[in-house]
Amino acid sequence: MGKSYVAGTLESSDCLITLSPADKLKIEIDTVVHEAFYDHIKTLIEKTLAEESLENVRLRCQDQGALDYTIKARLKTAILKYKESEDG
Amino acid sequence: MKHERLGELLDGLDLRDGMCVSFHHHLRNGDKTLNLVMQALHERGLKELHLMASALFPVHKPILPLIKDGTIADITTNYMNGPIAECLSNHGLKGSLTMQTHGGRARSIVEGDNVIDVAFIAAPAVDKAKNASGVHGKNACGSLGYAIEDSLYAKRKVLVTDNLVDTLEDPQIQGDAIDDVLLVKTLGDAEGIMSGTLKITKDPLGLKIAREALRLLQALDVFEDGVSFQSGAGGISLAITKGFNDIMRERGLKASFYSGGITRYHVDALEGGLVDKLYDVQCFDDAAIESLKKNANHHAISASNYANPNNANRVIKDLDVVILGASEIDTDFNVNVTTDSYGTIIGGSGGHSDTAEDAKLSVIVSPLLKARTPLIRERVRTITTPGKHIDCLITERGIAINPKRRDLLEKLKDTRLPLFSIEELMAKAHAFTGKPKVSHPGDKIGVVESRHGSTLDNLYKKGD
Chain A
376 MGKSYVAGTL ESSDCLITLS PADKLKIEID TVVHEAFYDH IKTLIEKTLA
426 EESLENVRLR CQDQGALDYT IKARLKTAIL KYKESEDG
Chain B
4 MKHERLGELL DGLDLRDGMC VSFHHHLRNG DKTLNLVMQA LHERGLKELH
54 LMASALFPVH KPILPLIKDG TIADITTNYM NGPIAECLSN HGLKGSLTMQ
104 THGGRARSIV EGDNVIDVAF IAAPAVDKAK NASGVHGKNA CGSLGYAIED
154 SLYAKRKVLV TDNLVDTLED PQIQGDAIDD VLLVKTLGDA EGIMSGTLKI
204 TKDPLGLKIA REALRLLQAL DVFEDGVSFQ SGAGGISLAI TKGFNDIMRE
254 RGLKASFYSG GITRYHVDAL EGGLVDKLYD VQCFDDAAIE SLKKNANHHA
304 ISASNYANPN NANRVIKDLD VVILGASEID TDFNVNVTTD SYGTIIGGSG
354 GHSDTAEDAK LSVIVSPLLK ARTPLIRERV RTITTPGKHI DCLITERGIA
404 INPKRRDLLE KLKDTRLPLF SIEELMAKAH AFTGKPKVSH PGDKIGVVES
454 RHGSTLDNLY KKGD
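Protein sequences appear in the order of chains A and B. Heads up: the first sequence begins at 376 in this note's numbering, then just goes up one per residue. Heads up: the second sequence begins at 4 in this note's numbering, then just goes up one per residue.
Wrong hints could be hidden among the right ones.
[Unchecked claim] Restricting the straight-line Cα-Cα distance to at most 30 Å, the calculated cross-link-like pairs of lysine-lysine (DSS-like) are:
1) Lys-451(A) x Lys-440(B)
2) Lys-422(A) x Lys-297(B)
3) Lys-447(A) x Lys-188(B)
4) Lys-438(B) x Lys-451(A)
5) Lys-188(B) x Lys-158(B)
6) Lys-447(A) x Lys-431(B)
In short, the hints are calculated from the structure, not lab data.
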């Protein structure tokens, strides 16, 4: 517990994903396009986590207006780091 | 009357609740005059004042408590950003907010739609005959264009200065009209007066937009002797101004005038013999101020002579091309530079809708996406400039021409420029971003007023 796995940056049009182990799935999204795209981003993250079969994590997405492929790439990188360390 | 104490000056004024006080914004984010005067009026217990400031910046944050406690009830301005803009967007104000244009403000003062009780005019240099200039002194700001109508039409006109001199040879404000002079320690903070970031964009997308804009202007045969041109001080606009100069030089052409806010790229054109005259309503950098001092063909002009729609001699009625920005544009070509897509006030027309209406060709330049937020909407959140006055949109992924300008489309029919309908450009953006959810506005807080004085759109609080 306590270790976290990070991918991305806080630059404009990028996002910073932080993953850490947890008892159950918890997703926090903080985005500059909350009004227009919060639901869209939440769905994308949930779908990606399901594809990667990751459940018991705390995920924080600090989004500066990243497009889907950026969010997905950052998320998959963080997941890879998480799996290598936590599952290995 | 000359005063050295603000209290003594205010004792001599007919101060009343509900009165209208005006300020100009040539000191931009270095202005100390507005805060000084408004705090003093607050201390005297005045209520429900109408603040008519040509623009409000982050530096004016100290007047927030005056908006909250009702000392200031109404605000009329042409542009605002920073904490005041955010507060009004979230909480509104006691009275109403009116967002004007530079030309519309001048018109409303000249025609008496807005009667200013006291104009407090920050003046970087004042002489013994109460003449004023913006080009001399430690807080020089250049042109005082936006203050000229205030200095002529307010019931009482007060110059506020930190620099008394014997005589000014080239005054921009005539002493005959002035009632009082107030001497203060300092008008402002020179660092905030000059816009710090006047640099040509280095962003490859911005540079591509600038190149496409210049290609379009060439395809439309804009470049000829006597052409007139205006563009702003944003990074893309500056790249276009420099590119415009380069093409004029290569072809051995000379423009008739450049107008609006002046930068060193405009001065380069004047001093390089590429343009006959600069009509300057606002200096954006030191090079512009220096040029205004020494170049006979660099003219400071008043807001009315710049853009008042009912002034037959306004400079921009002869304007050929204007380059403008956008926070949003919709499929009817309406442009928003007043709020963001979610309702927070981030600016205002300034001269946007004045020049778009008067210029023969108005060109919007902007990235198609700004951190996931698409530029093109089905409907803009706030109309600053009606679509009928907008001719072209240039983005990094294509160009759209307003279908009403069939003459332009005809001229471009054999072009290799990447022309699309504005709906096609919107679809391209949505392919990257997904379709944005439309946010719903809250209560009405004010209006966007057209330069002619009619209501163009309403301003609302941010929704939830």
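Evaluation of the provided hints:
Using a Cα cut-off of 30 Å, the hinted pair Lys-451(A) and Lys-440(B) holds, with the two alpha carbons roughly 26 Å apart. For the proposed pair Lys-422(A) and Lys-297(B), the alpha carbon gap of about 65 Å is over 30 Å, so the pair is violated. This hinted pair does not check out: Lys-447(A) and Lys-188(B) have alpha carbons roughly 57 Å apart, beyond 30 Å. At most 30 Å may separate the alpha-carbon atoms for a hinted pair to count; Lys-438(B) and Lys-451(A) meet this at roughly 24 Å.
A threshold of 30 Å between alpha carbons decides the hint, and for Lys-188(B) with Lys-158(B) the separation of about 26 Å falls inside it, so the pair holds. Between Lys-447(A) and Lys-431(B), the direct Cα distance comes to roughly 20 Å. Compliance with the 30 Å bound is thereby established for this hinted pair.
Checked against the numbered hints above, the structure breaks hints 2, 3 and satisfies the rest.
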